[in-house]
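J.: Listed below are the residues making up each chain.
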Amino acid sequence: MTTATDAQTRIPASTHEFADVVQRLEAGGSMLPDTPENLMQIIGIYKAYAVPMDFYWRNLLYIAEHVFLNPLPAFKYFLPQEYLDLHNHYAGDDADLRIWRGEATAHPELLEFIEKGELNQKLPKLLHHLWHDRINMEFAEACMRSMFWHRGMGGQFDPYLDSDEYKANTDRAIRAYFQGNPLMLGLYNLFPDMFLEQVRELSYYANLGLFWEVMAPVFFEMSDLYDEGKITTVPEAMDFLVNGIFAIAGRPIYHHVYIRGECYEIVPKSKGFMWLYEAALPYVEAVFYRTSPFRGTKSYNAQAKQVPTDQTEFHYGILYADVFPVGSAGIPPTLLMQDMLHFLPPYLLDYYNQYCRGEDDMLIQLGISFQRSMYNVTSAVIQALRTALLYPLDDPNPKHLMANRQFFETQLDRFTRPEARLRDVQRQDYR
Amino acid sequence: MLSTLIWFPVLGAIAIAALPLRQSKLVALTMSGFVLLWTLWIAHQFDFTNPLLQRQEYLPWLEPLGLNYQLGIDGLSLPLLMLNSLLTWIAIYSSQEETERPRLFYSLILLVSGAVAGAFLAQNLLLFFLFYEVELVPFYLLISIWGGEKRNYAAMKFLLYTALSGALILVAFLGLVWLRGADSFAYEALMGQSLPLWIQIVLLSLVLVGFGIKIPLVPLHTWLPDTYVAASTPVAILLGGVLAKLGAYGIFRFGLGLFPDAWATLAPGLATWATVSVLYGATVAIAQKDIKRMVAYSSIGHMGYILLGGAALTALSLVGAITQMVAHGLILAILFHLVGVVEAKVGTRELDVLNGLMNPIRGLPMVSALLVLGGMASAGIPGLVGFVSEFLVFQGSYSVFPVQTLLCVVGTGLTAVYFVILLNRTCFGKLDNAIAYFPQVEWRERVPALILALTIFFLGIQPTWLVRWSESTAIEMVAATPTVTHSPIAQVSD
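So the sequences go chain by chain: A and B.
For my numbering, count along the first sequence from 1 and bump the result up by 13.
For my numbering, count along the second sequence from 1 and bump the result up by 69.
Derived by calculation from the structure, the hints in this document are not laboratory data.
Here the structure is a predicted model, which is why all the values come from computation and not from measurement.
Glycine is no exception: its CB is placed at the ideal position from the N, C-alpha and C atoms.
Any given hint could turn out to be false.
[Stated by the list, open to error] Negatives, chain A to chain B, calculated, CB over 10 Å:
1. LEU132
2. ASN133
3. GLY168
[What the hints assert, rightly or not] Derived EDC-like pairs: lysine to aspartate or glutamate, alpha-carbon spacing no greater than 20 Å straight-line:
4. B:LYS414 - A:GLU432
5. B:LYS414 - B:GLU202
6. B:LYS219 - B:GLU166
7. B:LYS414 - A:GLU151
8. B:LYS414 - A:GLU372
9. B:LYS219 - B:GLU419
10. A:LYS129 - A:ASP98
11. B:LYS499 - A:ASP98
12. B:LYS94 - B:GLU166
13. A:LYS135 - A:GLU125
14. A:LYS138 - A:GLU151
15. B:LYS499 - A:ASP437
16. A:LYS282 - A:GLU178
17. B:LYS226 - B:GLU202
18. B:LYS414 - B:ASP330
Using the sequences and the hints, build the whole thing.
T.: The following block contains the structure:
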């Protein structure tokens, strides 16, 4: 761990708008100020996020691997027991790398919620589903679509989806899936690109599912460590994420489909697509930064150039999100907030009850905590990239420290636009 | 019987002021609640078919002066008495728990209630004048002590204007009695006698200007925006909901009732005056940036409909005018109450600052919804009480003054314009992060608006419960004024 003095004493002070944040990053800290209140909020939210995430990754993989091109996927969110029992590769006794000390199967709180829902009553699954008393997979799909829609955010996975090899793999799987179905096969012959695009989307289902399979146990473990008093500061929480990112970086990203018991490798593991570059970084870019304009109470006029023409300049992610108007129905982050609401740890419930409107606006308060926590995750990604691409924070060479500084400042430039919430999360009274 | 409506609040005011009661609000609420129930009971006993005064009370007082304690109700005064009782209770209920000097505050409100009830009931011109003047001082104190910014200026302006109003009315009353050589100020005794038309016109003009200040009508209105804006919410409810109606009541009771020939002569001018008020109030309201001031100007416009209905003097238009008094009182009360809640929670009334209050989690969703309802009622949307009264006025007036009526219909359209502006900027749009930490609206604050909203809605879909009180009286008043041309389509009996 470095100290602030390494960079501060060897190179001139930053003149960036967020100079204090730059200084904090150079000291090995997070964009989020290190306060016990911030730590409590982000850890509590990580835990509340991880439980639905445990459902998201399982369901995403189920859709990618089994639902596949079902033309009427009405029951795609009805996760079979097989996938609830599916072992997470980073939890449980048989883990490839045990990040969380808990069970490899679905989290107990998740199982309890699936059974009884918010109604706390065991009813037929269809009723819970229609009443929206369930985990909102629509949020997970919105994140996936965001990644798929932006595409081209670096890495090899996305270009591979346009390769002849991928098309051949896809063709084989599609023909196997529709075997004995002349109608669908006829449609496939007529509109092959449409089906190919569908499978590309399903490959992103798998991509995001494999990404979240890692993140869920990471967040569970952080929550447990916090409860045990082993994570006591925001930088420690960020370092845990950075270490996790590096430990898992090489995890393969693939897309397999199971048709009548046979496995079709759409994106084979052998391609060597790595979790960090093919899933984590595109996810952060697409979901944290870009996404698409909210369909909320704020409307955008594209003709008046309120929406950038260049997708790379989109800035509608959680780091920019105006969480207040998101309280309206139907917007994906709202659905996530609703999901997290069911799994808040008691200390966070008590905390929210003390501020603003207590229980009545908890959804917004936790949304803002989520925003804080994602600034911490983004900080971890920035520090991980700096570690991978640049120099240590205690490097004795001032030129190297200056290169680090420029990297940090370039990253923070993305938050100088007025919509960015970096300014807000510096204040504790932003709730 | 009727005296209870006057003296019970006065006794309550004295009790609260004199006795060391801690729960002065509770006492005031109980007193005003009893008066409200008593009024409803009187209404229940009221004979709709009888156009004449009912439940008369008489006590000789200063007979050499022609001043006697003479009370009675008819279809003109009863709806306004009910409005007064209801809005007094609402005003007391909606006042803040932490009101400073609560004993004085609630005493003054009860005093106002008693005085206004006395004015509505008085059947002696001098007795009316006494009650009319008595409410002036409590209102002055209520504005100057518990008002907002510029309260002293507003209170002084109110005092000067309404004192002038009282002086003009007193001159008219004295002139009437002296010129007729009457020995009493009894209303019924003065009704039957006639004076030369030009004298009637002079006296009626004094009455019109005197009560026109109170309503107020353009250009006598300049005290109103300052006073309504400076007054606290409960006082604004009483000012707009009750006091303005006292002006309209005075014009009909004493202007139309005592000078029918002059009224018929001046009717076209009155209709035009009403139209100017309607259009002026609406257009100036559109230009406002302060929502309370916008509601205040809307009041000027809406009071114009009452004068139009009176000027047309068909039974239908007169019923519409009386109905409009009640409807406007209810609508103005809900709007002032809601504006007060918005100001208390958000800390501003500025249209340029307010936004997104409909937000279900951090906004004021129920207040916004009720504000939408109040705006719709004021704009005369069918199904709400505002539609009933405005439709009756327009339907009754068109046959007599078609141009003025059509221009007033345009005024209704303009009402919709400024309420759309108000609601669009206040309730809809994006809630501003920087200010969106409003305290929650408590049920205590919602109750007055809910009661008013239910009343507005109920009377909108069941207007008979509103118009039946005044039908007979309106027909009788029209019949007593033979000179205004009536169209068959305007007969209420149709």
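J.: Take the hints in turn and mark each one as holding or not.
T.: Quick rundown of the hints versus the structure:
The Cβ of LEU132 (chain A) lies farther than 10 Å from every Cβ of chain B, with a closest approach of about 21 Å, so its non-interface assignment holds. No beta-carbon of chain B comes within 10 Å of the beta-carbon of ASN133 (chain A); the shortest separation is about 23 Å. Chain B leaves GLY168 (chain A) outside its interface by the beta-carbon criterion, the shortest separation being 35 Å against a cut-off of 10 Å. Under the criterion of a C-alpha separation no larger than 20 Å, the hint pairing LYS414 (chain B) with GLU432 (chain A) is inconsistent with the structure, at around 26 Å.
Our distance criterion of 20 Å between C-alpha atoms is broken by LYS414 (chain B) and GLU202 (chain B), whose separation comes to about 36 Å. For the proposed pair LYS219 (chain B) and GLU166 (chain B), the alpha carbon gap of about 23 Å is over 20 Å, so the pair is violated. Only pairs whose Cα atoms come within 20 Å are accepted, and LYS414 (chain B) paired with GLU151 (chain A) is rejected, the gap being roughly 36 Å. Restraint check: the Cα-Cα separation between LYS414 (chain B) and GLU372 (chain A) comes to about 19 Å, which is no more than 20 Å; the hinted pair holds.
Distance check on the hinted pair: LYS219 (chain B) and GLU419 (chain B) sit about 17 Å apart at the alpha-carbon level, within 20 Å; holds. With a C-alpha separation of about 18 Å, the suggested pairing of LYS129 (chain A) with ASP98 (chain A) holds against the 20 Å cut-off. Distance check on the hinted pair: LYS499 (chain B) and ASP98 (chain A) sit about 44 Å apart at the alpha-carbon level, beyond 20 Å; violated. Restraint check for LYS94 (chain B) and GLU166 (chain B): the C-alpha separation of about 8 Å stays at or below 20 Å, so the hint holds.
Annotation: proposed proximity of LYS135 (chain A) to GLU125 (chain A) holds, straight-line Cα distance about 10 Å (limit 20 Å). The hinted pair formed by LYS138 (chain A) and GLU151 (chain A) meets the criterion: a straight-line CA distance of about 17 Å does not exceed 20 Å. Simply put, LYS499 (chain B) and ASP437 (chain A) have alpha-carbon atoms about 18 Å apart, close enough for the 20 Å limit, and the pair holds. Distance check on the hinted pair: LYS282 (chain A) and GLU178 (chain A) sit about 14 Å apart at the alpha-carbon level, within 20 Å; holds.
A distance of roughly 16 Å separates the Cα atoms of LYS226 (chain B) and GLU202 (chain B); the hinted pair therefore holds under the 20 Å criterion. Distance check on the hinted pair: LYS414 (chain B) and ASP330 (chain B) sit about 52 Å apart at the alpha-carbon level, beyond 20 Å; violated.
Checked against the numbered hints above, the structure violates hints 4, 5, 6, 7, 11 and 18; every other hint is satisfied.
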